[in-house]
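Generate coordinates for the entire structure from the input sequences, incorporating the hints supplied.
Counting with my numbering, you get residues -14 to 599 for the letters of the sequence shown.
Calculated from the structure, these hints are not laboratory results. Each residue gets a CB set at the ideal place from its N, CA and C atoms; glycine is no exception. Don't take each hint at face value.
Unchecked claim - Taking lysine to any residue pairs in the SDA-like style, the calculated list, with each CA pair at most 20 Å apart, reads:
1) K397 / P548
2) K150 / T464
3) K267 / K310
4) K101 / E165
5) K557 / L547
6) K397 / E379
7) K214 / R438
8) K150 / P179
9) K21 / I5
10) K150 / K557
11) K101 / E55
12) K354 / H313
13) K409 / G392
14) K557 / H537
15) K226 / E495
16) K206 / V425
17) K310 / P300
18) K557 / K355
19) K105 / W209
20) K267 / H313
21) K191 / E165
22) K397 / E411
23) K105 / K118
24) K105 / G193
25) K101 / V210
26) K191 / K214
27) K206 / K226
28) K322 / K355
29) K355 / I316
30) K150 / R177
31) K214 / L547
As the list claims (entries may be wrong) - Have a look at the derived ranges for each label pair, beta carbon to beta carbon:
32) D307 / T553: 27 to 35 Å
33) A436 / S597: 40 to 48 Å
34) I49 / E403: 47 to 55 Å
35) V598 / H476: 29 to 37 Å
36) D19 / R52: 24 to 32 Å
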Amino acid sequence: MCGITGWIDRNQDLTPYRPIVEDMTQTLAPRGPDAKGIWHSPHAILGHRRLIVIDPTGGNQPMIRRRGDETFVLVYNGELYNTPELRAELISRGYTYQGHSDTEVLLTAYMEWGAKCVEKLNGIFAFAVWNDKEESLFLARDRFGVKPLFYTLQDGSFIFGSELKALLAHPMVRPEVDAEGLAEIFALGPSRTPGHGVFRNIAEVKPGYCLLFKDNLIRTKRYWVLESKEHTDDLETTTAKVRQLLEDSIRRQLVADVPVCTLLSGGLDSSALTALAATVFKEEGRGPLHTFSIDYEGNDRYFQASHFEPTADGPYINLVSDRYKTIHHHIKIATDKLAEALIQATLARDLPGMADIDSSLLLFCREIKKEATVAQSGECADEVFGGYPWYRDEDAFNANTFPWLRGFDRRKKIFSAELLDYIKPEEYIRRRYEETIAEVPRLPGEDPIEARRREIFYLNFNWFMATLLERKDRMSMATGLEIRVPFCDHHLVEYVWNIPWHMKTCGGKEKGILRRALSGVLPNEILYRRKSPYPKTHNPAYMAIVREHLLHILHDSSSPLLPLVNLTALRKMAQSGGDVFDRPWFGQLMKGPQLFAFLIQVDTWLREYKISVI
-14 MCGITGWIDR NQDLTPYRPI VEDMTQTLAP RGPDAKGIWH SPHAILGHRR
36 LIVIDPTGGN QPMIRRRGDE TFVLVYNGEL YNTPELRAEL ISRGYTYQGH
86 SDTEVLLTAY MEWGAKCVEK LNGIFAFAVW NDKEESLFLA RDRFGVKPLF
136 YTLQDGSFIF GSELKALLAH PMVRPEVDAE GLAEIFALGP SRTPGHGVFR
186 NIAEVKPGYC LLFKDNLIRT KRYWVLESKE HTDDLETTTA KVRQLLEDSI
236 RRQLVADVPV CTLLSGGLDS SALTALAATV FKEEGRGPLH TFSIDYEGND
286 RYFQASHFEP TADGPYINLV SDRYKTIHHH IKIATDKLAE ALIQATLARD
336 LPGMADIDSS LLLFCREIKK EATVAQSGEC ADEVFGGYPW YRDEDAFNAN
386 TFPWLRGFDR RKKIFSAELL DYIKPEEYIR RRYEETIAEV PRLPGEDPIE
436 ARRREIFYLN FNWFMATLLE RKDRMSMATG LEIRVPFCDH HLVEYVWNIP
486 WHMKTCGGKE KGILRRALSG VLPNEILYRR KSPYPKTHNP AYMAIVREHL
536 LHILHDSSSP LLPLVNLTAL RKMAQSGGDV FDRPWFGQLM KGPQLFAFLI
586 QVDTWLREYK ISVI
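So, in structure tokens, the structure goes:
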């Protein structure tokens, strides 16, 4: 993976301003620690940071190719998993190649097919192509937004980058946040409206969209959308198809010229990846697969089973590792380091995030990077196959809002009256929810309950999954680790989207069709294990640390957080230990300790980014 950035302005000569783009590019160094490059013409400067995964000598960027009097320049962040097929087709059309990188294939694909090239791509990507003759810039982002791409247009200057920090390094881009931006943080956070950049005048290319900047105008186009249609395959055919699509996705996503591993929690999804990847490694003579798991200091003493976390992971991890003869690495995170990394996680995301769910992943990725450059993760299986409790819980299913935000009434009690009046959070949440529901691809004549399930799936794809993918990208790329998500393969998702609920839950289990497809691959103990999410710490020392940190902030008269919170209510809550949040206020894991940690991240963000609220 990599980091990309650039500045386009046809109204002035940008040549003297190359150092600005060099600074913007440098902010992305963690995403691309192996190489850097800058290309410029009078009206365009493009910057790139490279993480070498495929073709160390042939994949350098910005990549330039000429055709007649046209010059095309590409900066690209991502991986294409159908590179061999694309290369063969393009060779048949007369193109030749110097190396074997997907970068070179992507550039020639754009030269051959223009904007329609994105419809042919299977992968995770965010890229920009400058056509020097036309003075046009084309940008595109993968179907699910695995890779990020932000932009702003100010006074004729189009500025873009993989992360917000790259844009904010430009002197024209100010760290300003208005009512909408605050609503994104306090009402919806840590989720974020698709395409919303939080900072004023900053947007993000939406997943499945492309953008053309030409003649000082921005034109966006949606190139991919889920299609709802009747599922006609029987159960046996459906099972086989799911198995085939998953195996194909995993095999394609193991291609790399650097060490590859899998993340293994002992759950169904990560165990499936590990089992199938280990089989590919054995077939190809690549030696034993390395696997990695995370746990926390003190969890062996303090873990308590709950509705959301029914079992500890350890025994299941060992079972899978032993069965498939992986070299397993147990990573244990210290409580004080977990709390300290809240600051680093905020800087990695450029926004307040999922508290220690973020910081733990950041520390985990840092350890993985010592052994591998690429990892496969089971992220997105729950969204694709319907694994979350709110697919089955009647109250959550029928709630006329985002099911992971149902605790907002309790959450809003800690906000100041002034903030609530300014952002009107209930109205904002309602508007964003209704906007999403309005664009659900409908199936005419569908049963009302099935239609509602389709809405829940669509909400998850566009919001909850997007939040987790953002987390996965920022925390991993902050350490120079590339994480791939085989369950996000669009062929697999398109097929599963239309599988009816009775098939998705065959056998009376959540994700029943996936379990059925993996029969014979995984031991029964794993195959029928109840879902347990990404683990968090249960050590009371963590609550003590974040509680004291938050109380320190609340007693600091210079804290920019103070005008935004109800000091009396928050101090009382902190002093009592935050027990009012015994149920998650976001998702499945985020309770009292995570609320305190989230507010610490908000304070950090306001200070470090010198946010101006307007």
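Quiz item: Looking at the structure, which of the earlier hints fail to hold?
Solution: Violated hints (numbers, rising): 4, 6, 10, 18, 23, 26, 27, 31, 32 and 35; every other hint is consistent with the structure.
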